[in-house]
Every structure is written in structure tokens, then in C-alpha cells.
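Asker: My request is simple: use the sequences and hints to build the entire structure.
Residue 54 in the working numbering is what sits at position 54 of the sequence shown, and the numbering runs on without skipping anything.
To be clear, the hints were calculated from the coordinates, so they are not data collected in a lab. Treat the hints loosely; a few may be bogus.
Heads up, simulated DSSO-like pairs for lysine-lysine below, C-alpha to C-alpha not over 30 angstroms straight-line [as the list claims (entries may be wrong)]:
id : residue 1 : residue 2
1  : K30       : K18
2  : K30       : K3
3  : K64       : K3
4  : K168      : K71
5  : K3        : K18
6  : K30       : K168
7  : K71       : K133
8  : K6        : K168
9  : K71       : K18
10 : K64       : K18
11 : K133      : K30
12 : K3        : K168
13 : K30       : K6
14 : K168      : K64
15 : K18       : K6
16 : K151      : K71
17 : K71       : K30
18 : K6        : K64
19 : K151      : K133
20 : K71       : K6
21 : K133      : K18
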Amino acid sequence: MIKGQKVVVVMPAYNAEKTLRRTYAEVPLKIVDQVILVDDFSQDRTAVVARELGLQTICHEQNKGYGGNQKTCYREALDLGADIVIMLHPDYQYTPLLITAMASLIAEGVFDCVLGSRILGVGALKGGMPFYKYFSNRFLTLVQNWLISHKLSEYHTGYRAFRADLLKALPLDLNSDDFVFDNQMLAQIIYGGYTIGEISCPTRYEPESSSINFQRSMIYGL
Numbered sequence: 001m002i003k004g005q006k007v008v009v010v011m012p013a014y015n016a017e018k019t020l021r022r023t024y025a026e027v028p029l030k031i032v033d034q035v036i037l038v039d040d041f042s043q044d045r046t047a048v049v050a051r052e053l054g055l056q057t058i059c060h061e062q063n064k065g066y067g068g069n070q071k072t073c074y075r076e077a078l079d080l081g082a083d084i085v086i087m088l089h090p091d092y093q094y095t096p097l098l099i100t101a102m103a104s105l106i107a108e109g110v111f112d113c114v115l116g117s118r119i120l121g122v123g124a125l126k127g128g129m130p131f132y133k134y135f136s137n138r139f140l141t142l143v144q145n146w147l148i149s150h151k152l153s154e155y156h157t158g159y160r161a162f163r164a165d166l167l168k169a170l171p172l173d174l175n176s177d178d179f180v181f182d183n184q185m186l187a188q189i190i191y192g193g194y195t196i197g198e199i200s201c202p203t204r205y206e207p208e209s210s211s212i213n214f215q216r217s218m219i220y221g222l
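Answerer: Right, dumping it as C-alpha cells:
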């Protein structure tokens, strides 16, 4: 716990067998009460590794998509009585070492939602983010800030912390089951008048890290 509040980390997983152990090894278990992994019908041993690590493991019987996976993650975390929920990808792209800082900003009541931004600072390209993804990220974020009349450095990070009451208030089941779920969620948070903070997050792009392909990136961007 942190400040008497229960912290639950959720991992939406798909084919994360090769990176899950490294990711979990950096989770600060001194403050994290429970880690939930939702396996979205992986074709590797992701669920086996998760159970070997002692994680609460939930397996979808068919692939429900990135958004569908998150819906299960948040529902399970809230059912466990979480006060703070942190979404961390198990592909080792985002460092779990920031969990304490992100949870603290929620626990202290500073923000309702905290994002780990790869764009703040100079970490994205140095961490191996492909230039076309970096450029697309910056362009889409510029357009979104203009359309929504808000200001974030990045709408496309998969590293997020939430106050439980915020998750309960959002109509998440109405959102897409695909990658655009993340952006719909942020639009709902902004529209609802909730506060969003960002912290700089170094990133790692490795061969084992999950990545959306070019065709789906185009669909997502549009």
C-alpha cells in the first residue's frame, strides 16, 4: 500500500513470454499489493510464466484485442478493491521503476490519472523508438491537443496510473476493443474534468517488445 491505499498493477499481455520475467523483476513489491496479468490468447507460454511468478493470471479463451484486454484488467482490479490501478505492459518497453512515483501522485491527491510519457525529455529516440513512430506520435498528439483543447505531451503511451473512482466513473465498456481504446479513455477523462499528470519515462524498443504493425498503425492513426 501507499498512504493506506491499495495498489494493483495490471498487465495486458499478448505473447510476452520472453520479457515478462524482466518486467516483473523491477516491479516495486514494497508498495504493490497485487499484480494481475490478463493473457489475451497468446500463442506462447505467457500464462505459464505468469503462474510460475505467482501472478494472478486470467486467460481469454479468444483474442479480445488490446482494448478488450484492458477492460478485463480494470474490472478485475476493481473487484479486488484497488484504490490505485497502474497499467504496465509486460513487454519491458516501460520501466516498472516509475510505479512508486506514479502511485504517489495519485495517493497524494495531486492527479486523478498519471501518464508515463516517452516524449517528455529525450528518451524516445535514444531508446530505439523508430523515427516514423516518433513523428506520427508527435503529429497525432499535436492534432489531438488542438481538437480537444487540452495539452499533453503524448496520448499514445501504454503506461498509466488511475484513481479507482475515476475508472468506476468512465463508460469503458462502450469503448473500442482495439488500440484506439487508449485515446477514447483519455478523451473521456478530459471531458469529465478529471486531472491528468505526466512524468518522463525512458523507453526500450527491443526485438522482443510488442509492436503494432504498419498497417494497423495507419488504421489507428486515422
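Asker: Look at each hint and say if it fits the structure.
Answerer: Hint check:
With a C-alpha separation of about 25 angstroms, the suggested pair K30 and K18 falls inside the 30 angstroms cut-off, and the hint holds. Annotation: proposed proximity of K30 to K3 holds, straight-line Cα distance about 12 angstroms (limit 30 angstroms). This hinted pair does not check out: K64 and K3 have alpha carbons roughly 35 angstroms apart, beyond 30 angstroms. Restraint check: the Cα-Cα separation between K168 and K71 comes to about 11 angstroms, which is no more than 30 angstroms; the hinted pair holds.
Taking the CA atoms of K3 and K18, the gap is about 34 angstroms. The hint is violated against a cut of 30 angstroms. A C-alpha spacing of about 26 angstroms is found between K30 and K168, which places the hinted pair at or below 30 angstroms, so the restraint holds. Our distance criterion of 30 angstroms between C-alpha atoms is met by K71 and K133, whose separation comes to about 26 angstroms. The straight-line distance between the Cα atoms of K6 and K168 is roughly 15 angstroms, inside the 30 angstroms bound, and the hint therefore holds.
At roughly 24 angstroms between alpha-carbon atoms, K71 and K18 fall within 30 angstroms of each other, so this suggested pair holds. Simply put, K64 and K18 have alpha-carbon atoms about 21 angstroms apart, close enough for the 30 angstroms limit, and the pair holds. Taking the CA atoms of K133 and K30, the gap is near 35 angstroms; set against the 30 angstroms cutoff, the hint is violated. Distance check on the hinted pair: K3 and K168 sit about 21 angstroms apart at the alpha-carbon level, within 30 angstroms; holds.
The straight-line distance between the Cα atoms of K30 and K6 is roughly 12 angstroms, inside the 30 angstroms bound, and the hint therefore holds. For the given pair, K168 sits about 21 angstroms from K64 by alpha-carbon distance, which is consistent with the 30 angstroms threshold. Pair hint K18 plus K6 holds up; C-alpha atoms about 29 angstroms apart against a cutoff of 30 angstroms. Only pairs whose Cα atoms come within 30 angstroms are accepted, and K151 paired with K71 is accepted, the gap being roughly 26 angstroms.
The hinted pair formed by K71 and K30 meets the criterion: a straight-line CA distance of about 26 angstroms does not exceed 30 angstroms. Taking the CA atoms of K6 and K64, the gap is near 28 angstroms; set against the 30 angstroms cutoff, the hint holds. Of the pairs offered as hints, the one joining K151 and K133 holds, with about 20 angstroms between alpha carbons and a cut-off of 30 angstroms not exceeded. Distance check on the hinted pair: K71 and K6 sit about 19 angstroms apart at the alpha-carbon level, within 30 angstroms; holds.
With a C-alpha separation of about 23 angstroms, the suggested pair K133 and K18 falls inside the 30 angstroms cut-off, and the hint holds.
Comparing the model with each earlier hint shows violations of hints 3, 5 and 11; every other hint is respected.
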